[in-house]
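Participant: Sequence:
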Amino acid sequence: MQKQPQSGVTRQGSEGSATLPAKQPSSPGPTETDRMSDTDHYTIEQTSQVLGISAQKLRRWDEQGILGAQRTEGGHRRYPREVIDRLVQANGGAFAEKTSRELASIKRTLAEKRRIIQLLIESEGRYRDLVETSHDLIWQTDAEGRFTYLNAAAHEIFGLAPRDLIGRCFFSFEANGAHVPNRRFLSMLRRSGEVQNHVTHLTTARGEDRWIGINARITRDENGEMLGIRGTARDVTEQHLAIRRAEHVSLHDALTDLPNRDALKRQVEAALQTGQVGAVVMIDMDHFKRVNTAFGHGAADQLVVSLSGVLRSVARDRNGELFRIGEDQFVLHLADALREDAQTTAAVALEAIQNYRLETARNRVVSSITASIGVAMYPFHGNDWATLLAAMDAATYQAKDQGRNRVELFNPASDALRATHRRTYWSRLISESLDQDELSLYVQPAVEIRTGTTMHHEIFLRIRDERGAWAPAQQFMGTAESLGYAPALDQRVVARLLTHIHERTRMPMQRYSVNLSAASISDSTWVRELTEIVQTSEVPGERLVFEVSEKAAMENIDATAAFIDQLRPLGVRFALDDFGTGFSSFYYLKRFAVDYLKINNSFTQDLRDNADSRVFIKAVNGLAHDLKRQVVAKGVENAETLKLLKDAGTLYAQGNFLQPVARLGEGMRPRSRGSARA
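For the sequence shown, this note's numbering gives the first residue as 1, with consecutive numbering after it.
To be clear, the hints were calculated from the coordinates, so they are not data collected in a lab. Don't be surprised by glycine CBs; every beta carbon is placed ideally from N, CA and C. Please note that the accuracy of each hint is not assured.
[Unchecked claim] With beta-carbon atoms standing in for the labels, derived distance ranges: (1) Pro-660 with Tyr-356: 30 to 38 Å; (2) Ala-469 with Arg-261: 43 to 51 Å; (3) Ala-469 with Gly-403: 35 to 43 Å.
[Claimed, not checked] Listed next, the in silico BS3-like pairs over lysine-lysine satisfying Cα-Cα at most 27 Å (straight line): (4) Lys-551 with Lys-628; (5) Lys-551 with Lys-590; (6) Lys-643 with Lys-618; (7) Lys-289 with Lys-400; (8) Lys-618 with Lys-551.
Assemble the whole structure, with the sequences as input and the hints as a guide.
Facilitator: Structure, rendered in structure tokens:
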């Protein structure tokens, strides 16, 4: 058999050509270490042939450190194949045809060229390693958008090996609904030449959903013609889904998973922009707090969830969408609905509520459920969200005023509208006061009748009205409670009071009382935050009295008792305010470990003319004495009332006759001791 010539690679230069030996398979002989990876290195004989110079000259150059040969364990010279090949390319061919003068010139620059080439090779190697090991996808396409290169990260993103993706494009994996944004991305890329952080939805070869963040830049030739696109991409699925979950939470009610007030606002505003006709139907459950009181929080929550299911069915059947915007309030949004459609839907919803029966976990049935429903039409009753909300609110209040359990269409001339405007007015002022921290605390002492000594000071909150005057809480607290501002106001008052006490540490020991809303003490998170505020304050808890109105306590007996139990270990004292207004005051008194009973003004102000009031106050004093509670009579306006209270056994009193309300820190000295004597 004729022997085949050795194959090789020809390097063509300006002075001639040289044939580079092909990479030979390993054969018996030198050890693996001695061969020093023959596929990556030339022997001295091979290097001599490639460069076109003698082995003897090559050895001399090595001794001068020009080519930087490496030595095997056996002492044999080895030359990095890539360095030698690039030296030949940089020189324009082998050195065989060079004159002695040319070789001398080459020799002078060869070491520097070799060093630069080695640095270049190392740099390219680092770049290649970074690209291939990157967690981000690094990719390149041709002018048609077909992949020409992808690194190993492609497998994780697409579910295919890089080699199987060559010739395909990103949008071969386009998920449903991603077409329009992807075409927008391509249009922007062609127009600006670069796009950052475009997120697209893909479906992998494994059928998995992926959201990918893409950075892309167009590459062009020297004439400006598009060669292709290159860039990076990253799997942002986890971040995308986290954002969607957060957005869902922000736009949905936690208990029912219905869209909330913010979601309703967005949807209605979008409908208003289209100019279409539609309706919003507010469904306000009648006497919902009674369910809380009679059956407990669990049953109330169960009722809300069950009713949301009932109303969902109504919404679905009437081509509407249901929202929960408050504890006991739902809204049906009916797009493209006429007045007759809206009123019919409202009537259907009311009937569904009336027919519903809830059986609680203790086999108790909640029945006779009703609702007050208000209907407002857009754009007729409002062409912006705030106006439409006020109209819907007014219609609902009109339904309540007419006896509840009914549907009312918004009437611009109704008293309910004026009440709604008032709510809107105070809502804005309360919100501004909280945002700007523009609140003022006023104070009035409760004094011992016999001596005139101050027992504690009651704190009163005021905010500025539009005229700049400080408005008392009676004017705005109802709105604050109905719209959910009360807990924020309560917390701000306590924090402001603690700061005041701390800054006046040299003042004699004084105790201050703060009236808290039912919403605050019923909110376990709020109670926990209040506990932390008191615990971390440098003010002793013994200087605080928290008041809860009898009405608020009766609405949630268990929450009130738990609130007292949680704060009492900190030294805080408690008062039951407006005592006597509830029909079961004496019965429930034993449930609350309060220190003070504050008798409602209605009993003190007609004390002279009403024998029943005198009997009641005497009975309260006797009961309080037996239960070791202290009684404070509020609303004392004259000396005669003060004397009657003293005769009935009352020890403490509070009112303008003793000292008017004054701003905290100003005019807080009580009247002379004699002025309190009756």
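Participant: Could you tell me which of the hints above the structure violates, numbers in ascending order?
Facilitator: 1 and 2
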